[in-house]
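With the hints as extra help, turn the sequences into a complete structure.
Protein chains: 2
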Amino acid sequence: MADIVTGPGSAAAKAARDRAEEEGLGLAEKRVASEEIFRGRMLHIFNDTVELPNGMPASREVIRHVGAVAVLPLTGDGQAVVERQFRYPVGKVITEIPAGKLNSSDEDRLEAAKRELREETGITADEWTDMGEFIPAAAYCDEKLTLYLARGLHYGPRDLDDDEFLNVETVPFGELVDDVMNGRIVDAKTQTAVLKAACLTGYFAKGSGDGR
Amino acid sequence: MADIVTGPGSAAAKAARDRAEEEGLGLAEKRVASEEIFRGRMLHIFNDTVELPNGMPASREVIRHVGAVAVLPLTGDGQAVVERQFRYPVGKVITEIPAGKLNSSDEDRLEAAKRELREETGITADEWTDMGEFIPAAAYCDEKLTLYLARGLHYGPRDLDDDEFLNVETVPFGELVDDVMNGRIVDAKTQTAVLKAACLTGYFAKGSGDGR
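Chains U and W, in that order, are what the protein sequence lines are. Under my numbering, the residue at position 7 of the first sequence is numbered 16, and the numbers go up by one with no gaps. Under my numbering, the residue at position 33 of the second sequence is numbered 42, and the numbers go up by one with no gaps.
You may find that some hints are simply not true.
Some but not every residue of chain W turned toward chain U, in silico, with C-beta under 10 Å [as the list claims (entries may be wrong)]: (1) Asn56; (2) Ala67; (3) Ala77; (4) Gly85; (5) Val99; (6) Ser114; (7) Pro145; (8) Leu204.
Hints in this document: simulated from the structure, not taken from any laboratory. Keep in mind that this is a model prediction, so the values were computed, not measured. Glycine included, every Cβ here is placed at the ideal spot set by N, Cα and C.
Shown next as structure tokens:
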């Protein structure tokens with residue numbers, strides 16, 4: 010059980026957090042043993058044993074994932090391109106931005122994003138903006154997604170895998186923001202990508218509130 | 010391979026999407042077989058076989074998760090309360106909002122949020138706002154998180170599990186927004202919760218852009 014550190018958010022506190030991050034704050038866990046549970050097409054699953062900061066052992070269920078990319082494509086007239094796809098784990102069709110796994114963990118992420126966007130929607134784009142890293146489930150999976158904003162769109166043929174079924178739609182960007190805020194959009198990467206894009210494109214501006 | 014549907018985002022198109030969602034758009038997959046791979050403390054893992062919309066079989070690796078809650082606590086003077094926690098799957102300390110698993114899949118989510126916030130930070134709150142559902146990894150996990158905003162905070166003692174190690178910090182809300190936007194905050198639920206809260210509290214306002 011670690012200390013409570015209440016800081017004013019000053020530059021010094023921020024620098025201290027950076028250092029602490031490097032040093033793991035005395036919070037780090039050390040791997041003692043690793044048992045492979047399952048090697049699937051998508052998921053590689055381990056049941057590891059770690060040593061906690063207090064020296065005690067604990068088990069950690071970990072999914073190793075190759076990594077992924079997701080792309081929010083925006084048209085020149087304020088529309089977003091989204092997909093409607095059945096997601097078996099949740100048993101329903103949900104609205105998502107185009108996304109896909111890397112071919113290998115060292116694949117160039119921008120190239121992967123261009124490929125996935127073209128294959129799933131037929132779109133190529135002139136302008137790509139890296140919107141940052143996104144770790145969906147840090148408690149149990151090492152998957153890292155990189156989110157992109159794509160603008161300057163050109164439409165061509167799709168190239169879906171034989172076992173890939175999804176519909177592509179364009180929706181007004183403002184409606185997509187509303188659907189994130191009102192809870193209709195439940196997909197995590199889509200929520201973050203849409204709200205980040207709203208900031209980056211000036212759809213959102215700094216308001217009068219200070220967050221209270 | 011399903012059709013491309015390009016709609017104007019009208020109310021009629023929206024209603025059509027609602028109906029299509031109910032009917033699965035002809036995109037639904039049917040479970041044919043299910044093999045249990047692993048039953049862990051946190052993850053229950055299956056390798057299922059499904060029938061695709063075209064009648065062909067496919068395998069689906071699925072993690073069944075009990076569900077979770079996450080809470081962004083905001084103080085009366087524009088500060089946010091966050092945690093710094095070592096996440097074994099990604100091998101580093103990351104900044105996150107307080108969160109935790111449900112005790113059972115039918116547990117009341119608001120009660121779970123109150124419990125997790127109190128245990129991890131010692132905080133109780135007068136005002137709770139449901140910020141909606143969040144599905145972190147719909148491709149392979151059925152986990153659903155509910156995000157909450159907590160205001161009107163009171164501080165008391167923490168009550169961490171013996172194997173739980175995390176630091177609690179307060180940071181200015183504006184700094185947290187900046188850190189989501191500049192990529193320092195990589196945790197998915199924290200990204201969405203911070204950006205949604207920025208909208209809800211008036212930290213963001215509607216700008217002049219229309220998303221292009």
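(Q) A closest beta-carbon separation below 10 Å is what the hint needs, so does W/Ala77 meet it against chain U? (A) 8 Å, holds
Q: Let me know if the C-beta of W/Asn56 comes in closer than 10 Å to any C-beta of chain U, holds or violated.
A: 6 Å, holds
Q: Report holds or violated for the interface hint on W/Leu204, using the least CB-CB distance to chain U and a cut-off of 10 Å.
A: 4 Å, holds
Q | Evaluation of the interface hint that places W/Ser114 against chain U, nearest CB under 10 Å | A | 13 Å, violated
**Q.** Residue hint W/Ala67, partner chain U, criterion CB-CB below 10 Å
**A.** 5 Å, holds
Q. Regarding the hint that W/Val99 lies at the interface with chain U, is the smallest CB-CB distance below 10 Å?
A. 5 Å, holds
Q. Per the CB criterion, is W/Gly85 less than 10 Å away from chain U?
A. 6 Å, holds
Q: Grab the minimum C-beta distance from W/Pro145 to chain U and call the hint holds if it beats 10 Å, violated otherwise.
A: Given a least distance of 4 Å, the restraint on W/Pro145 holds.
Checked against the numbered hints given earlier, the structure breaks only hint 6 and satisfies all the rest.
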